[in-house]
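Spelled out from the first residue to the last, the chains are:
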Amino acid sequence: MAARLLYCAAAVSALAVLAILAFLVYFSLPLFQGDQLAALFSWHWRPLQNEFGILPMIAASLALAVSSMLVAYPLALGVCCFAHGLGPDWAARPLLVAVRLMSSVPTVVYGLVAAFSLVPLIRGASSGSGLCWLAALLTLAVLALPTIVLLLDNQFQRLESEIRLTAAALGLTRVQEMLQLTLPLSSRGLVMAAILGFGRALGDTLVPLMLAGNAPQPPLSLLDPMRTLTAHIALVVATDSQSAAYNSLFACGLILFLLTVLVNLGLRRIRTGATAHG
Amino acid sequence: MKAAIRVEKLSVSFAGKHVIRHLSLEIASGGPTFLVGRSGSGKTTLLRALNRLNECLPGCATSGQVELRLGEQWVDAYAATTNVENLRRRVGMVFQSPNVLPLSILRNIEMPLKVALSLPADEAEARAEQALREVHLWDEVKDRLSQAASTLSGGQQQRLCLARTLALRPQILLLDEPTASLDFKAAQRIEDLLLELKSRYTLLVVSHSLGQARRIAESLFVLHDGERIEALSKDVFQDRDALFSVMDELI
Amino acid sequence: MADRQEKLSVAFAWLSALLVPALLAMVTGFLLRRGLPSLQVALWFGDTPPLAALLHGAPVFDGIWPACLGTLYLVALVALMAVPLGVASGIFLAEYAGGRTKLAFSFCIELLAGIPSILMGLFGFALILFLRRSFAPEANTCLLLSAFCLTLLVLPYLISSTRLAIESLPDALRLTGASLGLSHWQLIRRILLPASAPGIFSGVILAIGRAAEDTAVILMTGVVANAGTPGSLTAKYEALPFHIYYLAAEYQSPAELAQAFATALVLLALTGLLLLAARRLQAGLEIK
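Chains C, E and U supply the protein sequences, listed in that same order. If you use numbering that gives the first Met the number 0, the first sequence corresponds to residues 0 to 277, in order. If you use numbering that gives the first Met the number 0, the second sequence corresponds to residues 0 to 250, in order. If you use numbering that gives the first Met the number 0, the third sequence corresponds to residues 0 to 287, in order.
For the record, the hints were derived by calculation from the structure and aren't laboratory data. You may find that some hints are simply not true.
Said to hold, decoys possible - With beta-carbon atoms standing in for the labels, derived distance ranges: (1) Leu163(U) / Val24(C): 28 to 34 Å; (2) Gly58(E) / Leu71(U): 25 to 31 Å; (3) Pro253(U) / Arg3(C): 17 to 23 Å; (4) Ser117(E) / Glu166(U): 27 to 33 Å; (5) Pro119(E) / Leu168(U): 39 to 45 Å; (6) Ser125(C) / Arg99(U): 52 to 58 Å.
Being a predicted model, the structure only gives us computed values, none of them experimental. Where a beta carbon is used, it is the ideal one built from N, C-alpha and C, also for glycine.
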């Protein structure tokens, strides 16, 4: 009896993801009629002229996620190495506490602070409004940093408990242990953290919505405004456009969903590979 | 001597790796019967096969037959009609390290009575007191029954675990190195208890202390690598020199 | 050569390690400087007397009280839906599921965990479109819909924290319970759940924090700027994170902007406290 109830709960939870997919597909179906699909994959979003291309948004999403990873990942790695041997031992705990606190800061708060500190700075240094790729990139890097750090920290901790004594007995310093043993041995964890961070950056809505300027154009310069898939969805829903815009909305959702699946499959592949070898 | 446990061609494996293979033995009622053997020889697995506890661990597969005399009839432990919870209540077990539950002293005994036997509260309390008296723990804990069981000393905890098992009124008691984690004095008390209990229960004790076996065992089995089991007659294991030669073989 | 590499690595590690607390200090410092002056009673209740608002439900016009209430109701509804479902699913995965069922369910739930929150919002939005086209033409986005979508968002956290809390219990506990003749469900109910309660609770608290701070989902499912105190499950409502977002984009005066910063402080304090509570529970767990 209890087991059956629990089974139902788990089945509902597992089916939720399929329900989301089903709705996205159902509402994107009109796009597969006629030449709408081709129109979707164009570089021009001009609803008034009946042009609903979403390529700029796809490009912007990928560019923003990759670029913010390029900033956040090395920093996160540095923080983790610092906490596991490259820095003094007393500093490790407070540093990780700070990282945890950072992870608890709401996204909208980061957006607010960046909008009134970082954006004016960029505005002062360049000619535009300051709402651009660069502003979103830097803020998103800060947002994704704790996710990566906490995952890597977990990884390093487990590994260190195995090799700490051996490494010390071999006469390695903590720095040598980290650079020669821990880092090379946790290559899978390093890749997983990068993919997870990428997924986190790709899925964020509020930072690009508040900071990237939202102009639907290909991302060519760091100082140009851009519009990501996530921000696009939020904007179209907010500005009650006509139904053709709605259709493209669900196409964006579907693409985002598929990207998420890819990220997940990537993670899964690496993880199962790890257990097969370990 | 009447038999209480019959094991026929028992094999137990974990994740495809055999721990016990084609083992047969018969254990007399009363006892204590001791089971000794090298570490890794499968003593604990054999013990846990009797109350089907191996099934709680992942990757376990059991074949063969285990029959237990409960009351006046023989019960096939692995038959489809056998209720496993009921079986475990009637075949009690005490573990190597005292495994008190994270509850109060009294609740440790009462909880299984109320939950597994659905006894009313007053009856559960009466049985708890009786069991605590049986293991001579009552006077030590009667004023602190609502304190956490983890505040007891190791020896007291082990006696509490014994009381918890006795309260379920089992007919067979399986003890898995019950004194291994205790100091000398606490171990002594458990040994005395076993001698008191042997008239009422069938006792099967896994031990790695040959000295202990010599002191209190009624019969003794030596298990080799999970495949071969050898019964030692009482005059062999009571004889110090003969026992030492067995010990050499074990090491 | 190796020596130089070492020195460079250490230098870079120091640099990033210094940057993190500096960033955190900058963010909180900036918020405090801009928001602290507005952190007064008027922030919550505007011109309405606080007691009148609290006891008699007097309408509050330029305070964040309605947004606080909205977030509170939202979080309560999410907890009501997500906690039983998530904990039950976690128990099932930890204790009952095996083989293919376990693999398939875990895969779906992992996938759900990775889905961007905006898609949960889009799902809710699509649900309303669907209802309007089919059997409820007057359906509209509302408090209940937001709570439903947020439930989907926090469900995977709850499931995995429950599952982890149960699976990391020592085997001895399981064996003891079984040896006393408890059935599987009795073992779970009487022994495993009490022992894993701190882990499960800390997961619940973190999930609540996540539901309280999310903006993307509610943005698409019924939150508005001036709804006042939420009247029913099917009404529009205000919420703290959306209030911040809205003021940041549409502020009319420096005072409104200052209110945004003060609200951000309130929200930050809330999520910070929740994190602290969760960590305390976990720390207690590790000592045991």
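Exercise for review: Just pull the numbers of the violated hints for me, sorted ascending.
Suggested key: Failing hints, ascending: 2, 3 and 5.
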